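As you go down the protein sequences, you meet chains A and B in turn.
As numbered in the numbering used here, residues 1 to 112 make up the first sequence, in order.
As numbered in the numbering used here, residues 113 to 225 make up the second sequence, in order.
Note that these hints are calculated values from the structure, not bench results.
If you're wondering where the values come from, they're calculated on a predicted model, not measured in any experiment.
One or more of the hints may lead you astray.
Stated by the list, open to error - When the alpha-carbon atoms are kept at most 27 angstroms apart in a straight line, the in silico DSS-like pairs for lysine-lysine are as follows: (1) K123(B) <-> K156(B); (2) K156(B) <-> K68(A); (3) K99(A) <-> K156(B).
If you want the building blocks of each chain, they are given just below.
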Amino acid sequence: AQSVTQPDIHITVSEGASLELRCNYSYGATPYLFWYVQSPGQGLQLLLKYFSGDTLVQGIKGFEAEFKRSQSSFNLRKPSVHWSDAAEYFCAGVSGTYKYIFGTGTRLKVLA
Amino acid sequence: EAGVAQSPRYKIIEKRQSVAFWCNPISGHATLYWYQQILGQGPKLLIQFQNNGVVDDSQLPKDRFSAERLKGVDSTLKIQPAKLEDSAVYLCASSLDRNTEAFFGQGTRLTVV
Chain A
1 AQSVTQPDIH ITVSEGASLE LRCNYSYGAT PYLFWYVQSP GQGLQLLLKY FSGDTLVQGI
61 KGFEAEFKRS QSSFNLRKPS VHWSDAAEYF CAGVSGTYKY IFGTGTRLKV LA
Chain B
113 EAGVAQSPRY KIIEKRQSVA FWCNPISGHA TLYWYQQILG QGPKLLIQFQ NNGVVDDSQL
173 PKDRFSAERL KGVDSTLKIQ PAKLEDSAVY LCASSLDRNT EAFFGQGTRL TVV
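Only chain A is shown next, with the shape it has when bound in the complex (with noise of 0.2 angstroms):
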């Protein structure tokens, strides 16, 4: 079955360090991949997005993520982290019949 697997429901860093987010999927051919982020009573806001071509894509904010068919994974990561940046991190895939499925999320907890 088509799935999106975050393995970590929370990680905590201190502010300035770098972060890195996993996402791993499964599906038959390879989805259209996605991190979406969303702060308290927010909706989801699109950090950016991998359809083909360059397996390194840059995001919003100054994230990026790194497509890796080998490992199925689409890893989220930032340099330095701010502590704005505290919030939760959903990684998504849309597959060939155009159903967006989500992973569980990750929650970000930033330390001053």
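Given the coordinates of chain A, work out where chain B should sit on it, guided by the hints.
The following block gives chain B in isolation, referenced to the frame of chain A:
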């Protein structure tokens, strides 16, 4: 460009009552989604429209939930009768087409007491 608009933002009802949510997608977006997000979980797709036709409603509890998208623009999601486990945030999203990125509204937080 205006985003996806949803109303109301918050709703509290008693179990067995009915409730309706409204969504106005981004202009020109053919695809519209309704998601249910229970606290601590990722969004779960309830129904997906392509223009005014249903593409996927496999996870919609059809005995109590219904949705429509008349004229392929606005959409309403209804729950009748509501159960305690329906307490969640209901998110509407739209995309230009089925394989492009989705843009989300701020959601409606439903509390069933």
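Worksheet item: If you check each hint against the structure, which ones fail?
Response: none
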